[in-house]
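No gaps in the numbering here: position 39 of the sequence shown is 39 in the numbering used here, and each next residue is one more.
These aren't lab readings, by the way, just hints derived from the structure by calculation. Incorrect hints may appear among the rest.
Claimed, not checked - 30 Å max Cα-Cα, derived DSSO-like pairs, lysine-lysine:
{"no.": "1", "residue 1": "Lys28", "residue 2": "Lys44"}
{"no.": "2", "residue 1": "Lys113", "residue 2": "Lys97"}
{"no.": "3", "residue 1": "Lys125", "residue 2": "Lys44"}
{"no.": "4", "residue 1": "Lys56", "residue 2": "Lys44"}
{"no.": "5", "residue 1": "Lys125", "residue 2": "Lys113"}
{"no.": "6", "residue 1": "Lys37", "residue 2": "Lys62"}
{"no.": "7", "residue 1": "Lys104", "residue 2": "Lys44"}
{"no.": "8", "residue 1": "Lys62", "residue 2": "Lys104"}
{"no.": "9", "residue 1": "Lys44", "residue 2": "Lys84"}
{"no.": "10", "residue 1": "Lys28", "residue 2": "Lys84"}
{"no.": "11", "residue 1": "Lys62", "residue 2": "Lys44"}
{"no.": "12", "residue 1": "Lys62", "residue 2": "Lys97"}
Unchecked claim - For each label pair, taking beta carbons as the anchor points, the in silico distance ranges come out as:
{"no.": "13", "residue 1": "Asp109", "residue 2": "Pro47", "range": "34 to 44 Å"}
{"no.": "14", "residue 1": "Ser38", "residue 2": "Arg101", "range": "23 to 33 Å"}
{"no.": "15", "residue 1": "Arg92", "residue 2": "Gln117", "range": "28 to 38 Å"}
{"no.": "16", "residue 1": "Ala88", "residue 2": "Ile115", "range": "39 to 49 Å"}
{"no.": "17", "residue 1": "Val110", "residue 2": "Ser38", "range": "42 to 52 Å"}
Bear in mind that the values here come from a model prediction, so they are computed numbers and not experimental data. Backbone N, C-alpha and C fix where the C-beta goes; we use that ideal spot for every residue, glycine too.
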Amino acid sequence: MKSRLLVAGLAFASLALMSGCAGVNASKSIETATATKSVADDAKIDPAQLQSTNGKLEEAQKQQENGEDEQAIALAEQSTLEYKLAIATAERDEAVKEDERLEKELRGDVERKLIYQSIRDQETKNGGAQ
1 MKSRLLVAGL
11 AFASLALMSG
21 CAGVNASKSI
31 ETATATKSVA
41 DDAKIDPAQL
51 QSTNGKLEEA
61 QKQQENGEDE
71 QAIALAEQST
81 LEYKLAIATA
91 ERDEAVKEDE
101 RLEKELRGDV
111 ERKLIYQSIR
121 DQETKNGGAQ
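Produce the entire structure from the sequences given, and follow the hints as far as they go.
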């Protein structure tokens, strides 16, 4: 009898602990999403691209307030991933632009080098003929 009571007490305590952890996990997930959102805002990502993600974060906060911690965690984690994707996409786009600029600059350098070599060759031929 005492062992059943002890097992029931432990089960209740673990359930209470797990319920409390879900609230903490929801808070951590929302905090992570909010921090990632601030990074995305600093990265100057197109606001239209983030509109849906911002809505999911707001919905996660509402779900947490309503006690729906599992749903809040899922929405917060989804918004965190979408923010990270938007940041990575913006960084990739910036890298592509920089790469194109550098390639154009390099082509210009190669063209100038060929022009200088041609001038040098002509001067060498003209100087040797005199």
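*Hints the structure violates: just list their numbers, smallest first.*
Hints 3, 8 and 12 not satisfied by this model.
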